[in-house]
Amino acid sequence: MGITLPSSRSPAFANCLPMQGAPADLIRHGESTANARSKQYREQGDVSGRAYHEAAFFDAPLTEDGRDGATKEVQVHLQGSARENDGSPVRRLVVTSTLHRALETATLGVLPLFPPDQQTEWIALESVREAVTCEIHDIHGVDIPIEVSCEGKPCNMRKPLAHARKAFPHVNFAHCADADPFPRVETAEMLDQRVAEFVVWLGRWVDQQQRDHRAPRVDVILVSHYVFLRRLMFKIGSDTKVSTGPRGLKNCEVRVLPLSCILQLAGARHH
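The opening position of the sequence shown corresponds to residue 1 in my numbering, with each subsequent residue numbered one higher.
Don't take each hint at face value.
[To be verified] Calculated lysine-lysine pairs in the DSSO-like style (CA-CA distance at most 30 Å, straight line): (1) K72 to K39; (2) K250 to K159; (3) K166 to K250; (4) K72 to K250; (5) K39 to K250; (6) K39 to K159; (7) K166 to K72.
These aren't lab readings, by the way, just hints derived from the structure by calculation.
Please model the complete structure; the sequences and the hints are all you need to start from.
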């Protein structure tokens, strides 16, 4: 049940790691309405996670607490971890899931600090969306992907993108189909393939920045979801031996990792 990635012979990754200190901020979205209802159920003794299967939470938006957390917690962290610029060119990439709660979190927490401009590009990708039916269970300290449903969780499905394009005009949706392309059932292997797909895409984007902009410093901000980020960090830890800290991110938590350790998953080498 592993993640298959391209080998180091792949030309797209031949020169993608000259900047070992470049950061990648991994951000989990703020509290959604589905998260809030699930918390209520748990307080009542129901730990089944049924809120995530309720149609009322289709493409769940942020709660007021979630919006407040994105505005305060995410912004404060990014302000506090701002990198000093030595005068060299900087290219910044903000990647967000196409699910509403991630788009909201990115807009409230990242946009005020890093709006799209000549240095900063905003892109939505389907590959970094939350798992449709898969969950991660910690069994004796090992992450085990478990398929817990034969029907997609409504909170992890989305509407056509027409509304999102109007609500989030600063995001480039060119890589996404208008209709939701995800199946109603997504296996653990399919989730792992999406992790691999994102790493491949990111490596090519970094490679292009180096070709087009003379190898500038690259900063990456990823706004995604619990299961996707946990699976990505599991792969980083197991393949690169870089410590990622506790793999489960709380709502609005930001984890900073070296960009190089993500690109290493694609077989790239240090220079």
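For each hint, the structure was consulted:
1. With a C-alpha separation of about 21 Å, the suggested pairing of K72 with K39 holds against the 30 Å cut-off.
2. At most 30 Å may separate the alpha-carbon atoms for a hinted pair to count; K250 and K159 meet this at roughly 25 Å.
3. For a cut-off of 30 Å, the pair hint linking K166 to K250 stands: about 29 Å separates their Cα positions.
4. For the hint linking K72 to K250, the alpha-carbon distance of about 15 Å falls within 30 Å, and the restraint holds.
5. Note on K39 and K250: the hinted pairing holds, with a Cα-Cα distance of about 13 Å set against a maximum of 30 Å.
6. Pair hint K39 plus K159 holds up; C-alpha atoms about 25 Å apart against a cutoff of 30 Å.
7. For the hint linking K166 to K72, the alpha-carbon distance of about 25 Å falls within 30 Å, and the restraint holds.
When each numbered hint is compared with the structure, no violation occurs for any of them.
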